[in-house]
Amino acid sequence: MKTNELDSLIFADMLRQGAASLSKDKKVINDLNVFPIPDGDTGDNMLMTLKAGCLAIQDHLGTLSEVASAASSGMLLGARGNSGVILSRIFAGLAKGLKDVIVADTQSFAKAMEAAVMEAYKAVPVPVEGTIITVLREGAAGANASSDLNHYFETLLEAMQTSLDHTPELLQVLKDAGVVDSGGAGLLSIFRGMNDALNGKIFHEEIEPTATAPVPTVELDKFDENSILEFGYCTEFLLRLMRSKVDLDTFDEAVIIDYLNKVGESVVAFREGTIVKVHVHTFTPGMILNEMQKYGEFLTLKIENMALQHHQSTNQNNASFKLPPKQYGVVTVASGEGLINAFREIGADEVIAGGQTMNPSTQDFLEAFAKINAQHILVFPNNKNIKMAADQAAELYKNADIHVLPSTTIGEGYYGIGSIDRDNTNAEEVIDSVTEIMQSVVTGMVSTAIRNAEGDHVSVHTGDYVGYSGKQLLSDSPNRETAAKALVERLGAASRDVMLVFFGEDVPQNKAESLVADLQTQYKNLEIMLNNGAQPVYDYIFVLC
Amino acid sequence: MTFFSDTDCDITPKECAAYGIKLISMPYTVGDQVIYPYIDFDEFDSHKFYDMLRAGTMPTTSAMSEEAYIQHFEPEFAAGNDILYVHFSSGTSNTFTIMNQAVEKLKAKYPERKFYSIDTLGITALSYNIVLEAADLYKAGKTAEEIVAWAKVEVPKFPMYFFADDLKFFRRSGRVSGLAATMGGFIGIRPIIYLNDEGKMVSIGKETGRAKAIARLVQYVEDLGEDVKAHRVLIGHSDCPDIAAEAERQLKEKFGQDLNVITNVVNPTIGSHCGPNAIGICFHAKHR
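Sequence order for the protein chains is A and B. Per this note's numbering, the first sequence starts with residue 1, numbered consecutively. Per this note's numbering, the second sequence starts with residue 1, numbered consecutively.
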């Protein structure tokens, strides 16, 4: 079957089939890991990003241009991890290239691919060849644009495959690990799926909204039998206006808005067709519900006691009155209950659940920003693979000055947040001093090796405990605490003043305590502060200053 | 002449008895319970008290009433005794405004009686050191005027430098100026604080980690010290004897084993403001 025209329906199918293909390949792609420690899973990140795009066009009818643009917006917000952010920018470029195109032929699609290449290169501050952007660029360059779309895709895939195979020649780390670039592999998988759809081979499953950040746990104890209802209920619903109850043509939703303003606060209500979407804070949700049934019936309904709604019941945006913005708000990323609490305790307003193996999306950052009423929001991503999504969110957010700080580890983030001088109104000074203190910190981690590897200092064996800092493998032992002690020594504990220790969810407290006691004996002048981080993946995180 | 001091100066009833000093108990409040040291308990169980703070209790302190001061002082005036009161820094509490009102009333009632006071411009170990010096003079038969004259010269010569693990206590009490609004306590950053010539607490820098912070305190003794060995060196701590012992070890290494070091535990009323794991050194110096 020859296809010379690509319309919005085919394009939508191609995206969904791309996601289906990536879903099938994601484990293999996740395993294309140059570092022997569980890492930001490229396959998962790209898949979740692409699925966010697919969800955005689920019920979308329109031209190719409109659908491509809607998918791109969805991906922009859903982007997770650096590979996800780059993927979202690739599709943003594609959408730009398809602007005003109702139906694409080979030439116009090929041109759009060139726009995608340009956008992808712009997405990364320092483009590194041998990665996803190389595979995209060389693929687009090698595709035959003077034929039908099927042939275009065929040659595109061939060129991408050749480019992907070549990535270890461009990047030494890939060669050392004996793998090809995982982002490039993900991109190829997506385009293979897209090609299948183009050729009528459609076998994808329904796209489910996947694992966005875990729902924050509701702390029921925040409102007990002695509590006073201080904040009321956050009440949200979709109301379908009913023909049997109101005259749909003449009904003015201002009636509803006026009523809500009388009985509640923080009213947001708007109408789309016959649906009225309502958000209101009220002490008497029942009254509102009864009133609303005069006009219509509920499609969805959510009522939450605002004392429990968030971990901080004092969260300013939840209060029924507006406070002036504070000088500094702090958003960070961590996983593990203890670590999340530690971050809150040291002054983070919002801790996005995530980290090494679960990279938060741009949307997650935007939601966190929206919960904070501050002039400046300082963002500590604590991971190189999360920074791009944070940067992307920073560009999109308009209600505060967002500053993404270069924290690449939990330790740097914790130290940085702890050193924010909240009385200093000069944000630039504060950021400089926090950045400086973060640079003075070294962080080391103990985790389990997922494969053999050769470091400069040690040979790492699958299943061993491995101590490392950045990309440097520093210790290896079948015994966790032995690996930890060797790591601490290699990190230069003898000449440091303070060491924070966060022990992970798999480490019994008494083991951590006895490790600290041993280390204290060995390093008399080192002040060691032990914290139960209960984090996954890392058995120990050491932060030395 | 009757010599008064107060529990914020760390002196205990036992020592007061030995010197013939009358002790004013400065209250603190836990929950809704007002506690007067050495009235509501005989021995200060410091470990238990500071552990309670570690567990999250934040006691408060309050000024005494005019009536309470009158009850302390009037019997002395009535018996024909003058009063010398060596007290903790008036710059850290408004209790002295109330005391002055009480004294004014008593003076009107007993015009022939004299009330002398010495503001140690300090708290805990600093005040303790000065109280002990003044008490030595008192015991040696010096008059109130002589002791007051001595204090005028000597009080500015007793500095105290200190640091604390957990700054939330200081922050809440709002009595330290120059303290950066960071969460430094969690990451081992220790602001170094001293009591200035007005008896106010001022942060003058910070160190990373306890070891460096202790070394800096000892360094101050070396740099500022004057006739250090001719006086007591007071190490006050809030339930961190190990840190105090390390400071003592370093001091004796520098000044000799015969250095007269006295280690004492910070009283609970001041402890309510500095929290557990604070340590300070008070010594005789060129200036504060």
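There could be a bad hint or two in this list.
[Unchecked claim] Per the computed footprint, the stretches of chain A lying under chain B, defined by three or more beta-carbons under 8 Å from a beta-carbon of chain B, are:
#1 106-114
#2 345-351
#3 368-381
[Said to hold, decoys possible] Here are some, though not all, of the chain B residues that point toward chain A, as calculated from beta-carbon distances under 7 Å:
#4 168
#5 203
#6 204
#7 209
#8 212
[Unchecked claim] Pulled from the structure, derived: some chain B residues nowhere near chain A, Cβ distances all over 10 Å:
#9 54
#10 67
#11 186
The hints are simulated quantities; they were obtained by calculation from the structure and are not laboratory data. Heads up, the beta-carbon is just placed ideally off N, CA and C, and yes, glycines get one too.
Here is what the structure says about each hint:
1. 106-114: violated (count 0)
2. 345-351: holds (count 3)
3. 368-381: violated (count 0)
4. 168: Violated. Min distance 10 Å.
5. 203: Violated. Min distance 12 Å.
6. 204: violated (16 Å)
7. 209: With a closest approach of 3 Å, the residue 209/B hint holds.
8. 212: This interface hint holds because 5 Å falls under the 7 Å limit.
9. 54: holds (14 Å)
10. 67: Residue 67/B is indeed farther than 10 Å from all Cβ atoms of chain A, at 36 Å.
11. 186: Given that some Cβ of chain A is not farther than 10 Å from that of residue 186/B, nearest at about 5 Å, it is violated.
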